[in-house]
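Protein sequences, first through last, are from chains A and B.
Under the numbering used here, the first residue of the first sequence carries the number 47, and numbering increases by one thereafter.
Under the numbering used here, the first residue of the second sequence carries the number 47, and numbering increases by one thereafter.
Keep in mind that the hints were calculated from the coordinates and are not lab data.
Glycine included, C-beta positions come from ideal geometry on N, C-alpha and C.
Heads up, a few of these hints could be off.
Listed below are several chain A residues computed to face chain B (Cβ distance under 10 Å; list not exhaustive) [to be verified]:
1) Tyr87
2) Arg145
3) Ser146
4) Arg199
5) Val372
Listed below are the simulated EDC-like cross-link pairs for lysine to aspartate or glutamate, each with C-alpha atoms no more than 20 Å apart in a straight line [unchecked claim]:
6) A:Lys98 <-> B:Glu105
7) A:Lys55 <-> B:Glu105
8) B:Lys55 <-> A:Asp173
9) A:Lys104 <-> B:Glu149
10) B:Lys109 <-> A:Asp520
11) A:Lys508 <-> A:Glu596
12) B:Lys104 <-> A:Asp546
13) A:Lys166 <-> B:Glu149
14) B:Lys166 <-> A:Glu80
15) A:Lys143 <-> B:Glu149
16) A:Lys232 <-> A:Glu214
17) A:Lys48 <-> B:Glu114
18) A:Lys166 <-> B:Asp60
19) B:Lys470 <-> A:Glu80
Okay, the calculated bits of chain A under chain B, using three or more residues with CB under 8 Å as the criterion [said to hold, decoys possible]:
20) 52-60
21) 76-82
22) 112-118
23) 170-179
24) 215-229
Protein chains: 2
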Amino acid sequence: MKYSQLFGKTTRDDSKGATLTSHKLLFRGGFIRESTAGRYYLLPIGLKVHQKIQSMIKEEMDKAGAQEMLSPVLHPISLWKETNRATSVGFELMRVKDRSETEFVLGGTAEEMLVDLVRKFQISYKDLPFHLYQFSTKFRDELRARGGLLRVREFVMKDGYSFHATEEDFKKEYEKMKQTYSTIFKRLGLKTIIVESDNGYIGGEYCHEFVVESEAGESKFFVTEDGSYAAHEEVAKFRFEEVNDDEDEKPIEEVEGSGIIGVEELAKYLKIPVEKTTKTILFEDEKGNVIAAAVRGGLDINEVKLMRVAKIHALKLATLETVKKVTRADVGYAGLLNLPKEVRVFMDESMKGRRNFEMGANRTNFHTINVNFGRDLEEPATFYDIKLAKEGYISPNGKELVAKRGIEVGNIFQLGFHYSSQMKGACFVDEQGKEQPYYMGCYGIGLGRTMAAIVEISHDDKGIVWPSSVAPFDVHLVGLDLDDKTVKAAAEEAYAKLSDQGVDVLFDDRSDRAGVKFADADLIGIPLRIVVSKKTVGEGKLEVKWRTKEASQLVSSQELPTILNLLQ
Amino acid sequence: MKYSQLFGKTTRDDSKGATLTSHKLLFRGGFIRESTAGRYYLLPIGLKVHQKIQSMIKEEMDKAGAQEMLSPVLHPISLWKETNRATSVGFELMRVKDRSETEFVLGGTAEEMLVDLVRKFQISYKDLPFHLYQFSTKFRDELRARGGLLRVREFVMKDGYSFHATEEDFKKEYEKMKQTYSTIFKRLGLKTIIVESDNGYIGGEYCHEFVVESEAGESKFFVTEDGSYAAHEEVAKFRFEEVNDDEDEKPIEEVEGSGIIGVEELAKYLKIPVEKTTKTILFEDEKGNVIAAAVRGGLDINEVKLMRVAKIHALKLATLETVKKVTRADVGYAGLLNLPKEVRVFMDESMKGRRNFEMGANRTNFHTINVNFGRDLEEPATFYDIKLAKEGYISPNGKELVAKRGIEVGNIFQLGFHYSSQMKGACFVDEQGKEQPYYMGCYGIGLGRTMAAIVEISHDDKGIVWPSSVAPFDVHLVGLDLDDKTVKAAAEEAYAKLSDQGVDVLFDDRSDRAGVKFADADLIGIPLRIVVSKKTVGEGKLEVKWRTKEASQLVSSQELPTILNLLQ
Numbered sequence: 047m048k049y050s051q052l053f054g055k056t057t058r059d060d061s062k063g064a065t066l067t068s069h070k071l072l073f074r075g076g077f078i079r080e081s082t083a084g085r086y087y088l089l090p091i092g093l094k095v096h097q098k099i100q101s102m103i104k105e106e107m108d109k110a111g112a113q114e115m116l117s118p119v120l121h122p123i124s125l126w127k128e129t130n131r132a133t134s135v136g137f138e139l140m141r142v143k144d145r146s147e148t149e150f151v152l153g154g155t156a157e158e159m160l161v162d163l164v165r166k167f168q169i170s171y172k173d174l175p176f177h178l179y180q181f182s183t184k185f186r187d188e189l190r191a192r193g194g195l196l197r198v199r200e201f202v203m204k205d206g207y208s209f210h211a212t213e214e215d216f217k218k219e220y221e222k223m224k225q226t227y228s229t230i231f232k233r234l235g236l237k238t239i240i241v242e243s244d245n246g247y248i249g250g251e252y253c254h255e256f257v258v259e260s261e262a263g264e265s266k267f268f269v270t271e272d273g274s275y276a277a278h279e280e281v282a283k284f285r286f287e288e289v290n291d292d293e294d295e296k297p298i299e300e301v302e303g304s305g306i307i308g309v310e311e312l313a314k315y316l317k318i319p320v321e322k323t324t325k326t327i328l329f330e331d332e333k334g335n336v337i338a339a340a341v342r343g344g345l346d347i348n349e350v351k352l353m354r355v356a357k358i359h360a361l362k363l364a365t366l367e368t369v370k371k372v373t374r375a376d377v378g379y380a381g382l383l384n385l386p387k388e389v390r391v392f393m394d395e396s397m398k399g400r401r402n403f404e405m406g407a408n409r410t411n412f413h414t415i416n417v418n419f420g421r422d423l424e425e426p427a428t429f430y431d432i433k434l435a436k437e438g439y440i441s442p443n444g445k446e447l448v449a450k451r452g453i454e455v456g457n458i459f460q461l462g463f464h465y466s467s468q469m470k471g472a473c474f475v476d477e478q479g480k481e482q483p484y485y486m487g488c489y490g491i492g493l494g495r496t497m498a499a500i501v502e503i504s505h506d507d508k509g510i511v512w513p514s515s516v517a518p519f520d521v522h523l524v525g526l527d528l529d530d531k532t533v534k535a536a537a538e539e540a541y542a543k544l545s546d547q548g549v550d551v552l553f554d555d556r557s558d559r560a561g562v563k564f565a566d567a568d569l570i571g572i573p574l575r576i577v578v579s580k581k582t583v584g585e586g587k588l589e590v591k592w593r594t595k596e597a598s599q600l601v602s603s604q605e606l607p608t609i610l611n612l613l614q
Numbered sequence: 047m048k049y050s051q052l053f054g055k056t057t058r059d060d061s062k063g064a065t066l067t068s069h070k071l072l073f074r075g076g077f078i079r080e081s082t083a084g085r086y087y088l089l090p091i092g093l094k095v096h097q098k099i100q101s102m103i104k105e106e107m108d109k110a111g112a113q114e115m116l117s118p119v120l121h122p123i124s125l126w127k128e129t130n131r132a133t134s135v136g137f138e139l140m141r142v143k144d145r146s147e148t149e150f151v152l153g154g155t156a157e158e159m160l161v162d163l164v165r166k167f168q169i170s171y172k173d174l175p176f177h178l179y180q181f182s183t184k185f186r187d188e189l190r191a192r193g194g195l196l197r198v199r200e201f202v203m204k205d206g207y208s209f210h211a212t213e214e215d216f217k218k219e220y221e222k223m224k225q226t227y228s229t230i231f232k233r234l235g236l237k238t239i240i241v242e243s244d245n246g247y248i249g250g251e252y253c254h255e256f257v258v259e260s261e262a263g264e265s266k267f268f269v270t271e272d273g274s275y276a277a278h279e280e281v282a283k284f285r286f287e288e289v290n291d292d293e294d295e296k297p298i299e300e301v302e303g304s305g306i307i308g309v310e311e312l313a314k315y316l317k318i319p320v321e322k323t324t325k326t327i328l329f330e331d332e333k334g335n336v337i338a339a340a341v342r343g344g345l346d347i348n349e350v351k352l353m354r355v356a357k358i359h360a361l362k363l364a365t366l367e368t369v370k371k372v373t374r375a376d377v378g379y380a381g382l383l384n385l386p387k388e389v390r391v392f393m394d395e396s397m398k399g400r401r402n403f404e405m406g407a408n409r410t411n412f413h414t415i416n417v418n419f420g421r422d423l424e425e426p427a428t429f430y431d432i433k434l435a436k437e438g439y440i441s442p443n444g445k446e447l448v449a450k451r452g453i454e455v456g457n458i459f460q461l462g463f464h465y466s467s468q469m470k471g472a473c474f475v476d477e478q479g480k481e482q483p484y485y486m487g488c489y490g491i492g493l494g495r496t497m498a499a500i501v502e503i504s505h506d507d508k509g510i511v512w513p514s515s516v517a518p519f520d521v522h523l524v525g526l527d528l529d530d531k532t533v534k535a536a537a538e539e540a541y542a543k544l545s546d547q548g549v550d551v552l553f554d555d556r557s558d559r560a561g562v563k564f565a566d567a568d569l570i571g572i573p574l575r576i577v578v579s580k581k582t583v584g585e586g587k588l589e590v591k592w593r594t595k596e597a598s599q600l601v602s603s604q605e606l607p608t609i610l611n612l613l614q
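Excised from the complex, chain A in its bound form (with noise of 0.2 Å):
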């Protein structure tokens, strides 16, 4: 390609308000452009590095066994009732009727549309495992699209989708596409991290993230140092001193304490240890329900853990309003004692085995000490896990945790029964001729968001630093002095050859001078560059840089073989 025939070519500002690197770098390169927040056009370079990503992720799938096939966009959203999503995913789902006022979901993700697909063939065990899976546009009406590939709102997706006979079938299943997705990604000059994760609105009961290590990335997680233990903020686990007290039980009593903040102040005040103060925390659900949560002093409460111990999909603390009206006292002295009977009370393992505790009174300015189980506050069935982890907790094996950030490039979930219990005729025949619920499973990839994050790990002050496996050219071919005619007959060879041989070359055939063209070369980010110029002409040379180093050195035609099988 004559880079003076390419649309799309380099620009030296910034796209408004991008604060990304890959943002940035993306845009001045010319490889995106937005259309609407979170909308992105992409330009003929980087077209070729998403579909160079693409080819790589199909090659991968298709060796581990899974079938491409192409479901369609709009799904009925009938069948988004049949598993209770067309309202659960809330605000994320597009929705749109046709002309006869059909509805239709806009997909965001196809577990449904594969189940729908899969009941119109009456399968059997022979038929069983099998793994579908497609590249196709998404789309997620995000609240907060943000700059350039990471978060957007339309974007596409491998999604995979397996179907087994069997738990014991799946788990083969899922080991394999952990190593598929590492083997991608490796390819693709990425470092995961496997990270087990929240399924979000997916469903079933574990899932883990790919997660590239970066400042750019929105993923908060933790791991060991050693690698042992690794989740996502919003599950991650750790160990915790439990508690028996083995105290007398003491009178219960309520202290006056008013505008006292934080269970520290409130733990000296009182004189007790923090470990005998109690963090309450009021929220209401999507339906405006009331919920009250409760951990130990010095923890915290960890949103998502609720969310999903309480088997809700939104959670906002409660307003002013609802607390006077639940507690009939201020903020900042809620308690679960004589709390009413339509507030759903979640306590965490933290709180079990304690004696003689402190809690909001429930009273403006009054604290409740020396509280007891069975006394004073019912002892729940359950203790939840719905604490939140931080930076140097203790995982559940024992090491220390590290925070992290990173982009998450692929998830992959566990849905069990999830779907094929909820969706009629999601069935199997067994060796008995007995209709049975089939097993699944489900594994993502956003290819903009990889493209995004290989460019937030491999990039320069100069500009973007391309992997050659998805590099848009192999080769970026400077012409200089091209006014002079037997420079621009050898350029103009030159890129004819290297064509011939297969290389996929940009040639920068333009009349700019050398500074403008080095400086769109580092930007666009090509492995390797070849200049013809009038010195190497002179030389009967080409003088070669890698992309990823400083110095350039003068070779001959006979020499550059050696050097393009580099290339991989």
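Fit chain B to the supplied structure of chain A, relying on the hints for placement.
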């Protein structure tokens, strides 16, 4: 691929209500399944065919210098408002709002999006021409979806848009695209006819359809036997005898004649030649405005031509009520005399030069004779071509028109300044530094419809006969007698060897009987069938049969490469 593992096996039953061959065969062969009317899943082998079509289109488009990119699926409706298409396109356009109430259109064609992209760059004459294209899902909220992939509501389209400094430059690209499209369809095994057609809601002055002759098609068009003229029914022109009456003007007269239907009967009744009669039809446009159109008796009105000259986007026959209101008479007596001023009148060229002609009297049961321009009826400044062509009429170049039906697989449009004149900033800087609007063209191919067209013209009573260029696999390897260990080993070996050589093989490894397997092979339609059975193993040979031939032959494995070479 082992057939036992393939998702989406063949079935003997037709899809419910399928009438078209391509629908039946693609369904039965396991290529497609319908989600909701007009929205299809492409199953693994269906997607393989679709991808081969896509690769071939890409190859030829790239060869022609076009650059692939990708635009968002959701188009801000503000762009469609700039060109007045938000309303004019009517019901076929699907709209969707995001959480912030911003309205989008589900892309059906992307002229505005491409212009909006291009105007983000300051382009100059040096950047022109360029041609950008994409493969992306398009949405058309069709009133009626036809069976299978022929007319759907969601499909992948290759749409390309070219930008030029001058009309002359555009014309070169238009011719190049005619060539490119012809090559693409030829490589896909399709013989296409290039037919002048209506530009519908795309805009511009002229365009052409690429049509595959087939009774399953919806495009009605005319060709001359030598192919020197080909035009869609909607736009076909024809020669007609011009009238240049030199009769003296006779006194105008109203003649009673109740219940006389049609111009033939009327001519007989009035004892005048049919050519003296007039056919006047009243229509209403999308806003309810009344339009009167008139042609000489013996001809019919072409509503599409009428819409173009009237610059409206919808047309329907006026209701009885409207006819009565406008003509103050019952239906059947409409003419152009004394119509209310608000009625827009369009007269066909065939009206020109007439004297003493007949016309409905706008009075129940009456016909006016000896009408003359100037005296009784104002002669219009322009007579239009709003006549409908029919089989047997004479083409503009003097040859008889033959009526045909076909499937429109592609189309190319001159857009001219249609978009650049309406969208601000849709311009380039010329050599004098002045801003000029650019000249545009656009070019589309529907991939699914092309796939269906191939099946419509390439099948027999047993199933599909794929051209090898788009067949889902190169070879259908059928293993028989697989309970015999030696045979099974031989079949597995053949499968492994062929795959190693890069031959894409579908290996029927099931235990079914030969009849079932051969019927499936015929139905799926892979070009070459190879059988490994007790018999072939006994003779140390392989049985080879082309899908297009009746007879099979036994060949040695040494002879096989020669045969495989025929797969191109």
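Are there hints from earlier that the structure breaks, and if so, what are their numbers? 5, 7, 9, 13, 16 and 24
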